[in-house]
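**Q** Sequence:
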Amino acid sequence: MNYTIKEAAEKANLRPHTLRYYEEEKLLPHVKRDENGYRSYSEEDLLWIETIACLRETNISIADLKEMVELTKENKSALYQRIHILETHQKKLRQQQEELKQMEKKVTNKINHLKQLENTNLTDLEHLRLC
Numbered sequence: 009m010n011y012t013i014k015e016a017a018e019k020a021n022l023r024p025h026t027l028r029y030y031e032e033e034k035l036l037p038h039v040k041r042d043e044n045g046y047r048s049y050s051e052e053d054l055l056w057i058e059t060i061a062c063l064r065e066t067n068i069s070i071a072d073l074k075e076m077v078e079l080t081k082e083n084k085s086a087l088y089q090r091i092h093i094l095e096t097h098q099k100k101l102r103q104q105q106e107e108l109k110q111m112e113k114k115v116t117n118k119i120n121h122l123k124q125l126e127n128t129n130l131t132d133l134e135h136l137r138l139c
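When you line the sequence shown up against the numbering used here, it's residues 9 to 139, in that order.
Please keep in mind that the hints were generated in silico from the structure rather than gathered at the bench. Mixed in with the good hints, there may be bad ones.
[Unchecked claim] Straight-line Cα separation of at most 27 Å, DSS-like style, residue types lysine-lysine; simulated pairs: (1) Lys19 - Lys40; (2) Lys19 - Lys74; (3) Lys99 - Lys40; (4) Lys40 - Lys14; (5) Lys81 - Lys99; (6) Lys34 - Lys109; (7) Lys84 - Lys109; (8) Lys81 - Lys109; (9) Lys99 - Lys34; (10) Lys34 - Lys84; (11) Lys99 - Lys84; (12) Lys100 - Lys114; (13) Lys84 - Lys74; (14) Lys40 - Lys74; (15) Lys100 - Lys123; (16) Lys113 - Lys84; (17) Lys74 - Lys113; (18) Lys123 - Lys113; (19) Lys123 - Lys99; (20) Lys99 - Lys109; (21) Lys100 - Lys14; (22) Lys100 - Lys34.
[Said to hold, decoys possible] Cβ pair distances, simulated, as ranges: (23) Tyr29 - Ala86: 33 to 41 Å; (24) Glu31 - Leu122: 35 to 43 Å; (25) Ser85 - Thr59: 15 to 23 Å; (26) Gln98 - Lys74: 36 to 44 Å.
A quick note: this is a predicted structure, and the numbers were derived from the prediction, not measured. C-beta atoms are modelled at their ideal positions from N, C-alpha and C, and glycine is treated no differently.
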């Protein structure tokens, strides 16, 4: 079964212009055109779109996705390169997660500090420092 861009976008919970962008960026290299020049998305295309959308939700870069698409055209040895891209991305996510934990800790500390000041005289500006 084939789908129009509108149907494919609806199935993927994306906008048609997002699919056009993915195609421009060569992330959807196999999208066919019908006799009128309209995009015609196959079930395989929908699987690609789902994979791309899933990875984009993790903030993977378009460049990394492009590289992964190119690597899928190669033999099985490219599988390890794709794994490496995802492991590198995973490492970045873990680093960001740790940074977020540290930021959240600072905010929690400041909230606790301000709660302690609720019943005090706040004439001293030292109590108002943010960090």
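**Q** Hints first: check each against the structure and report whether it holds.
**A** We went through each hint and held it up to the structure:
no. : hint                       : in the structure
1   : Lys19 - Lys40              : holds, 18 Å
2   : Lys19 - Lys74              : holds, 22 Å
3   : Lys99 - Lys40              : violated, 36 Å
4   : Lys40 - Lys14              : holds, 15 Å
5   : Lys81 - Lys99              : holds, 25 Å
6   : Lys34 - Lys109             : violated, 36 Å
7   : Lys84 - Lys109             : violated, 38 Å
8   : Lys81 - Lys109             : violated, 39 Å
9   : Lys99 - Lys34              : holds, 25 Å
10  : Lys34 - Lys84              : holds, 21 Å
11  : Lys99 - Lys84              : holds, 24 Å
12  : Lys100 - Lys114            : holds, 21 Å
13  : Lys84 - Lys74              : holds, 17 Å
14  : Lys40 - Lys74              : holds, 19 Å
15  : Lys100 - Lys123            : violated, 35 Å
16  : Lys113 - Lys84             : violated, 44 Å
17  : Lys74 - Lys113             : violated, 36 Å
18  : Lys123 - Lys113            : holds, 15 Å
19  : Lys123 - Lys99             : violated, 36 Å
20  : Lys99 - Lys109             : holds, 15 Å
21  : Lys100 - Lys14             : violated, 34 Å
22  : Lys100 - Lys34             : holds, 24 Å
23  : Tyr29 - Ala86: 33 to 41 Å  : violated, 25 Å
24  : Glu31 - Leu122: 35 to 43 Å : violated, 51 Å
25  : Ser85 - Thr59: 15 to 23 Å  : holds, 20 Å
26  : Gln98 - Lys74: 36 to 44 Å  : violated, 18 Å
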